[in-house]
Amino acid sequence: MESAERGDTAPAVRPDLEQVFRAAYPRVVAVAARVLGARDEAEDVAQEVFLAFGRSAVPAGEAAGWLSVAAAHTALNHLRSGRRRASREEAAGKDESVSPDIADTVVTREERRRVRAALARLPRRQAVALVLRHSGLSYAEVAAALDLSPGSVGTTVRRAESALRKELNRHASSD
Amino acid sequence: MRHPTDGTLRRLLDEPDGVADADREHVAGCQACLSGLAAVREDAVAVGAAVRFEVAPDVDEGWPRLSRAAAADEPRRVAAARASRWRAWLRSPVAAVAGAAAILTGVGAAAAADWLQVFRTERVAPVTISQADFLQLPELSAYGEVAIKEKADRRAVPDADAAREATGLPVPLVADPPRGVTGEPTFQVGDKVSATFTFSTSKAARTAEAVGEKLPPPPPGLDGSRFRLTAGPGLVAIWSEARGVPALMVGRAVAPRAYSSGVPFETARDYLLAMPGLPETVASQLRGFSGQGTTLPLVVKAWKQTTRTADVNGVPGTVLTTRDGVMAGVLWVDGGFVTGVVGSLSADEVLAVARGLRWEP
Numbered sequence: 001m002e003s004a005e006r007g008d009t010a011p012a013v014r015p016d017l018e019q020v021f022r023a024a025y026p027r028v029v030a031v032a033a034r035v036l037g038a039r040d041e042a043e044d045v046a047q048e049v050f051l052a053f054g055r056s057a058v059p060a061g062e063a064a065g066w067l068s069v070a071a072a073h074t075a076l077n078h079l080r081s082g083r084r085r086a087s088r089e090e091a092a093g094k095d096e097s098v099s100p101d102i103a104d105t106v107v108t109r110e111e112r113r114r115v116r117a118a119l120a121r122l123p124r125r126q127a128v129a130l131v132l133r134h135s136g137l138s139y140a141e142v143a144a145a146l147d148l149s150p151g152s153v154g155t156t157v158r159r160a161e162s163a164l165r166k167e168l169n170r171h172a173s174s175d
Numbered sequence: 001m002r003h004p005t006d007g008t009l010r011r012l013l014d015e016p017d018g019v020a021d022a023d024r025e026h027v028a029g030c031q032a033c034l035s036g037l038a039a040v041r042e043d044a045v046a047v048g049a050a051v052r053f054e055v056a057p058d059v060d061e062g063w064p065r066l067s068r069a070a071a072a073d074e075p076r077r078v079a080a081a082r083a084s085r086w087r088a089w090l091r092s093p094v095a096a097v098a099g100a101a102a103i104l105t106g107v108g109a110a111a112a113a114d115w116l117q118v119f120r121t122e123r124v125a126p127v128t129i130s131q132a133d134f135l136q137l138p139e140l141s142a143y144g145e146v147a148i149k150e151k152a153d154r155r156a157v158p159d160a161d162a163a164r165e166a167t168g169l170p171v172p173l174v175a176d177p178p179r180g181v182t183g184e185p186t187f188q189v190g191d192k193v194s195a196t197f198t199f200s201t202s203k204a205a206r207t208a209e210a211v212g213e214k215l216p217p218p219p220p221g222l223d224g225s226r227f228r229l230t231a232g233p234g235l236v237a238i239w240s241e242a243r244g245v246p247a248l249m250v251g252r253a254v255a256p257r258a259y260s261s262g263v264p265f266e267t268a269r270d271y272l273l274a275m276p277g278l279p280e281t282v283a284s285q286l287r288g289f290s291g292q293g294t295t296l297p298l299v300v301k302a303w304k305q306t307t308r309t310a311d312v313n314g315v316p317g318t319v320l321t322t323r324d325g326v327m328a329g330v331l332w333v334d335g336g337f338v339t340g341v342v343g344s345l346s347a348d349e350v351l352a353v354a355r356g357l358r359w360e361p
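Top to bottom, those sequences are chains A and B.
Heads up, the first sequence stops at 175 in UniProt numbering, and the numbers go up one at a time, no gaps.
Heads up, the second sequence stops at 361 in UniProt numbering, and the numbers go up one at a time, no gaps.
Please keep in mind that the hints were generated in silico from the structure rather than gathered at the bench.
Beta carbons are placed, not taken as given, at the ideal position from N, Cα and C, and that holds for glycine.
Mixed in with the good hints there might be a few duds.
[Unchecked claim] Taking CB as the label site, the calculated pair distances span:
1. B:Ser141 - A:Asp147: 29 to 37 Å
2. A:Arg124 - B:Arg155: 47 to 55 Å
3. A:Ala57 - B:Gln285: 16 to 24 Å
4. A:Asp16 - B:Asp159: 44 to 52 Å
5. A:Ala23 - B:Glu165: 36 to 44 Å
6. A:Asp147 - B:Ala39: 37 to 45 Å
7. B:Gly325 - A:Pro15: 14 to 22 Å
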């Protein structure tokens, strides 16, 4: 009874959720997919992020940046918590049919695993900046989202790329 | 002129218009910068290919799923949100907050051969932090080695007597519980926690480097200097709803203290507050109450919580309320103990509980 009463006073899902969802869903999935390398899982992350957004009081004008940062963090958390396992990897394999030319031939599954592992090892802010930049956010957008100056976005992204490249090369040469 | 930074070269690839004309012109005519630019481009292209993953999600498929999830989520949302917030509150016990806080606010004390108490909690004060700053907030381990010497071993005990016995603390009695809070509480206890923190210049330098900054020269003697942090024991009484989600929680613990083995504490504090990586908005608030070395900062997430002060029987308390109004809590320090009342209640209700508490030794 008390719960029901308190439930009534809780704020409902924000009214602009559908509008924001329709505008931002593809980009939010894309951000998560760059981290996770799997479509199903990226869509799960996007759903999780929009559900959180629906309960939040984030101003509509800041929604796009907030959602992208949240997607990057949530996806990186998924990597770190090791929530992805063999069945997911299999599912990811099937997803490659979405873009067989690129996904299957250029980036093998093993390489993708290395990318994810290397991303998870980067300092969090570098990883987020890198993912957001490669998801098409402008320097100004990445700067606003991470509270950096646009000048230091270049530095942060550059450091992240250099570190990631080294990790990938190191593994490639040790094989 | 000096060569533009790697960061500027990186931006030149993506947004040449965002780079100053002088830098662009310099790069165009400088062999060193051109080869630097080529290396930057090579890394950017390789990484771009590595993280590339083309997806074309179906918005029309995604929306009904979210819509259903949001609708299904609604009835149990309050309980779930409450449960997760309780977990968050429980996960960040006073000791964890106190670690970084005590280091950063400990008062200056002359160098001493042995452990010297440099911080004891006499009151709490909120440090309000934005979401962006929160994401950047470094952990103490970014500046040195943190070694946990004694763990809290948080555990349930059968009753009030067992809680008293395990901690040596009195147990709370709530004479007039708020609406919705009924029945007998369950008890949990935690042992004294202690940790040492050893400042490491090389670790701090790596942290600074990760945010693209240089470490300011450390004061002599700071590298390798040690600090000991303690808190607890503590106990908590929990009144639960039918679903097992706590409705009200009253806890008390021996308040955090910090001790220094070497350098004057003020030196360490001023240096840490000037470190790259610590958001300036946070550093300036911490500087604001470093005077006496007795204020425990309480991190308030500005996008989730609001805060105000209130009197709890003559002692200043800090009231926290979640922005959605689902939870409220009040925290105060008195006689070397930090005490908190948190509930799925309004701020007025938790304050009424706090002011009406009795303690049974």
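Against the structure, the hints:
1. Roughly 22 Å separates the CB atoms of B:Ser141 and A:Asp147, a value that falls outside the hinted 29 to 37 Å.
2. Between A:Arg124 and B:Arg155 the beta carbon distance is about 32 Å. The supplied range of 47 to 55 Å is therefore violated.
3. Separation of A:Ala57 from B:Gln285 is about 23 Å and conforms to the stated range, judged on CB atoms against 16 to 24 Å.
4. Between A:Asp16 and B:Asp159 the C-beta distance comes to about 50 Å, which sits within the given range of 44 to 52 Å.
5. The given range of 36 to 44 Å is broken by A:Ala23 and B:Glu165, whose C-beta atoms sit roughly 59 Å from each other.
6. The hinted range of 37 to 45 Å is not satisfied by A:Asp147 and B:Ala39, whose Cβ atoms lie roughly 29 Å apart.
7. Range check, B:Gly325 to A:Pro15: about 18 Å between beta-carbon atoms, so the 14 to 22 Å window is met.
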